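Listed below are the residues making up each chain.
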Amino acid sequence: NAGVMQNPRHLVRRRGQEARLRCSPMKGHSHVYWYRQLPEEGLKFMVYLQKENIIDESGMPKERFSAEFPKEGPSILRIQQVVRGDSAAYFCASSRTGDHDGYTFGSGTRLTVV
Amino acid sequence: KNQVEQSPQSLIILEGKNCTLQCNYTVSPFSNLRWYKQDTGRGPVSLTIMTFSENTKSNGRYTATLDADTKQSSLHITASQLSDSASYICVVTSGGYNKLIFGAGTRLAVHP
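Chains A and B, in that order, are what the protein sequence lines are.
So the first sequence is numbered by our numbering: it starts at 1 and just counts up by one.
So the second sequence is numbered by our numbering: it starts at 1001 and just counts up by one.
One should not assume that every hint holds.
Taking lysine-lysine pairs in the DSBU-like style, the calculated list, with each CA pair at most 30 angstroms apart, reads [said to hold, decoys possible]:
# : chain 1 : residue 1 : chain 2 : residue 2
1 : B       : Lys-1057  : A       : Lys-44
2 : A       : Lys-71    : A       : Lys-27
3 : A       : Lys-51    : A       : Lys-27
4 : B       : Lys-1001  : A       : Lys-62
5 : A       : Lys-27    : B       : Lys-1057
6 : B       : Lys-1001  : B       : Lys-1071
7 : B       : Lys-1071  : B       : Lys-1017
8 : A       : Lys-44    : B       : Lys-1071
9 : A       : Lys-44    : B       : Lys-1001
So the derived list for chain A, only partly shown, Cβ under 8 angstroms to chain B, looks like this [claimed, not checked]:
#  : residue
10 : Glu-41
11 : Gly-42
12 : Leu-43
13 : Phe-45
14 : Phe-91
15 : Phe-105
16 : Gly-106
17 : Ser-107
18 : Gly-108
Think of the hints as simulated: they come from the structure by calculation, not from any bench.
These numbers were taken from a predicted model, which means no experiment stands behind them.
We put the CB at the ideal spot given by N, CA and C, even for glycine.
Bound-form chain B, shown alone (with noise of 0.2 angstroms):
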């Protein structure tokens, strides 16, 4: 059964401070990668998008990385700030134009 698995569920930390959220996902075929930022009451934004090929990718202070060989995933947030405070989600796409599965998110909370 095609499934992505997040860890933790939820996170608080302090501003400034850096975090890693996991992921790991039994999906095949695999075809990317994505995380996502999804503000409460907001649809999910593109963070990363990692193929097969790629381990590591960063957009500002995020930095995705992946290993196809472990099928896990991680997630690194820099130097945190309170916008940061959001549900972050891993999802992982298989083949062609099927839908994306998605994990359940890990909650961050970033405390002043």
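If we strip away everything but chain A, and leave its shape as in the complex, we get (with noise of 0.2 angstroms):
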């Protein structure tokens, strides 16, 4: 089982352009969340999905920010037209359950915008 894969682990952008973050669970897990860390901070959430439903994205910010989790492939955090304030790691965690049962964390994707 290789747990949970994020990628790519570091991706640097220019402001304007478009990040796409994956995150493929573990196997048997069909429950993603999405968290952003900013430096010295906390991990703050940001969204919730299960296979091809948005459950909870009360953390999203409300522009330019989207998730995804189609039936086939990982799930994709997308971010549009990033600034520098975007610049974070970003980290996926999935679960069997709602109630976080086995909940497991990727190793992040640390975006830098330039």
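Could you fit the two chains together into a complex? Lean on the hints.
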């Protein structure tokens, strides 16, 4: 079991470009959560998805950010027209059930906007 | 407002010494409390999970305590090793599928 796989590990984008972050959950996990971690701060919840459905997106900025978890393939966190303030580490976690059964984090994607 | 506060912010200890990290929370409803270890450049890894009825749980040299009345938790590390150098994060889960609420972490450095 390869665990939660995130790619890329590091991503550099110029202001105004799009960033796509991918997360493949652990085998048997159908619940995916995205978090953002700014330097020297704790992880902040962004969105919770369950195969093809967004369950809770209360932590997502209203503009430029979107997430999906298609029937086939990884979950994608998409940031359009990136700005310097989007620079952060983005972590994905997955679980078997909505009660965080087997909750496991990936190693994160570090986004740098230049 | 749901909050998790940790202290100290950072800590330096010598290899072989013990240390205790603190966590205070104001989260309602309370489901469980977790301690995670996060190595630099890695994702958090779970150390312990405690429900309302549990007041202590151990995982090797790590022992977590929970006082649900005072809403405090601690993580005690015994006989520290260089590999214990990391951030230790206290996380409270508030009901159902709800998102986890993270503390900012304590950054521990173990020196030889």
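Each hint tested on the structure:
no.	hint	in the structure
1	Lys-1057/B - Lys-44/A	26 angstroms, holds
2	Lys-71/A - Lys-27/A	14 angstroms, holds
3	Lys-51/A - Lys-27/A	13 angstroms, holds
4	Lys-1001/B - Lys-62/A	21 angstroms, holds
5	Lys-27/A - Lys-1057/B	28 angstroms, holds
6	Lys-1001/B - Lys-1071/B	14 angstroms, holds
7	Lys-1071/B - Lys-1017/B	27 angstroms, holds
8	Lys-44/A - Lys-1071/B	21 angstroms, holds
9	Lys-44/A - Lys-1001/B	14 angstroms, holds
10	Glu-41	6 angstroms, holds
11	Gly-42	4 angstroms, holds
12	Leu-43	4 angstroms, holds
13	Phe-45	4 angstroms, holds
14	Phe-91	5 angstroms, holds
15	Phe-105	3 angstroms, holds
16	Gly-106	5 angstroms, holds
17	Ser-107	5 angstroms, holds
18	Gly-108	5 angstroms, holds
Every hint from the earlier list agrees with this structure, and none is contradicted.
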